[in-house]
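Student: Using the supplied hints, reconstruct the complex from the two chains, each of which is provided in its own coordinate frame.
Taken in sequence, the protein lines are chains W and U.
First residue of the first sequence? That's 1 in the working numbering, and the numbers climb one at a time after it.
First residue of the second sequence? That's 272 in the working numbering, and the numbers climb one at a time after it.
Calculated directly from the structure, the hints in this document are not laboratory data.
Just so you know, not all the hints are guaranteed correct.
In the DSS-like style, the derived pairs of lysine-lysine whose C-alpha atoms are separated by at most 25 Å in a straight line are [stated by the list, open to error]:
{"id": "1", "chain 1": "W", "residue 1": "Lys227", "chain 2": "W", "residue 2": "Lys180"}
{"id": "2", "chain 1": "W", "residue 1": "Lys101", "chain 2": "W", "residue 2": "Lys168"}
{"id": "3", "chain 1": "W", "residue 1": "Lys253", "chain 2": "W", "residue 2": "Lys269"}
{"id": "4", "chain 1": "U", "residue 1": "Lys280", "chain 2": "W", "residue 2": "Lys180"}
{"id": "5", "chain 1": "W", "residue 1": "Lys3", "chain 2": "W", "residue 2": "Lys106"}
{"id": "6", "chain 1": "W", "residue 1": "Lys269", "chain 2": "U", "residue 2": "Lys280"}
Heads up, incomplete: computed chain W residues facing chain U, CB under 7 Å, no partners named [to be verified]:
{"id": "7", "residue": "Met187"}
{"id": "8", "residue": "Asp192"}
{"id": "9", "residue": "Ile270"}
Even glycine gets a Cβ: it sits at the ideal position worked out from N, Cα and C.
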Amino acid sequence: MAKNTRTILICSGKGGVGKTTLTANLGIALANSGSSTAVLDADFGLRNLDLLLGLENRIIYTAQDVLDKNCRLDQALVRHKQEPNLALLPAGDPRMLDWMKPDDMKRISALLSEKFDYVLVDCPAGVEDGFKNALAACNEAIVVTNPELSAVRDADRVVGILNTCDIKPIQLVVNRVRPKMMANQEMLTIEDVTSILSLPLLGIVLEDEQVIISTNRGEPLTLSGKKSPASKCYLNVSQRLAGADVPIIDPNKESKSLKDKFMNLMQTKIF
Amino acid sequence: MTLRDLINKLLGRETASANTARERLQLVLAHDRVDMSTLTTDLLDKMRREILDVVAKYVEIDFDEVAVSLETEDRMTALVANLPIKRTISGEIKLKDNNKKTSK
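Just chain U, with the same shape it has in the complex (with noise of 0.2 Å):
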């Protein structure tokens, strides 16, 4: 907060417009940058899935708690897949406290 806001908000005025233009600015491009209607939620879906069936083939996955989800950071937008591993198809338990997850 600067000294004018203060000032402002003392007298109960409006604040300095540049402000208002810097949030909403911020919002719109929030929005802007994530561009998902090339990346339909039925794709998304599909491409989940087809993870899951890869990631199946080598580890026993616990699916009631499997998370793919999509999330954006400055221009950087992820992929982020969190599949917890209950054992390797071999038979060896690796991890059976639901807890311990593998993201990636």
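Okay, chain W solo, but in the shape it has when bound (with noise of 0.2 Å):
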């Protein structure tokens, strides 16, 4: 009961910026290093995560059935095979829209942090009624967002929400990096995304084809342990999100072409 359970948000505002993968991919490594994990799916509306952990035809009950006293917390959790620290909650039915308020979230969250290290709530899209339900239930939140203009924008919007509830910290993790491109200076920099969003960075993530892969096949990269560069990514902010003092990964080390070493000096402020 005394759990000091971590409740947190991954937000973004914009979708398609890498939200439920990332959540799936926490999850997967923070289960794996052996913190009993729970993902809440929040965007019952148009829920994926499932999908992502390869779980789609294992749900019977939602968090909804919980609350409606339809079966108890044990049945509605999914457990991972591979990884049974792990267990996915989805909040609800598509065909149950309206029912859910703040309050219902707050009481499946009380719920889950009885049993759970970790409560990672897989935010929906937008700053409307989906998101305040998710925040609701919510200790601390992670802000994804990809360095582009349009994700950018709408984590600023995020974040200017957040920071008016009772939720901290409040970290960031840029996703989809592309070293080249921010060498080449067609693409923001990380340190462009922190300092406009005034945010501490937990990681980043960079682009990988290996993503798409995992995804076609339900298992996300960090269960597979394969050592693609998203995946080492997806380690590194597990371990800073559970407190590890281990550095960010850095996108020009990762980027090592002549090529690249040139654009890195073509780099230099000179005035």
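Tutor: And the structure:
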């Protein structure tokens, strides 16, 4: 009961920046490191977390059924077969869209915090009701963004709202980083994004084809133990989230061709 | 300016798109962050008058010089009021000089 559960909102404002992928990979990585972890899909209109985890065929009940007393919590939780420390709970069913209220989400998160060390809440896109519901359940937040205009702008809106709530810390993950484009100055740098949003950087995730492949299979990268660039990043983020004193992956070191080195040289400030 | 920017400039080429992105983003965010849709000019004016009424109970203000505005810096929007005080109501002249302004 007296567990210090960390209930973490994973949000972005804009859709398609990688919230769900981050939730799935962090969930697996944290569970793998020995922490009991629940991932709550708060996007019940368009839920996808089950698909990324390969659990889409095993959902029977949702959090709504638990609150409605149609089933017990452990009946609704879907345990991951390869990673039994991880459980998925879908918040609800798309057909019952107007049912959930912030208070319901609070009750669910209270139930989950009795059982788990970490609860990761995959937030729906947007800054409307779905976001506010998910927000009510959490006490800290990870804002995911891409190094591009629209994603950063929307993240800024979300940060503005989070700042008015009792949510701490709010940390940033910059997803889909392309070191080559950054070196060529054809993409906003990590420093640009962190300074504009004025958030502490939890980590970065490199652009990686393996992410699509792992989604196709329903096996998050952190599950397979493959050493792909994004997989390394997700592990790094999970370690830093858990409080380990490891440095953030440096995108410049990840691109080592001669041309990149030349481009880095060209970036040198001369005046 | 970076080495690359200099070369681009010398060759008359376009600057790198990241610079454009940074500038556009800073502009749009400066606009987004001040969401004054909730505080219309009417409301601001009403608030200004009420603040003045309260202050005027205690000190005599130079109404011609009063300035109330909203200023935004980083993530903080502040209500800045500049109310030059002529004297306190008790009659004792505290400040005659209009240049001496008390800001809060």
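Student: Check each numbered hint from earlier against the structure, then list the numbers of those it violates in ascending order.
Tutor: No hint contradicted; all consistent.
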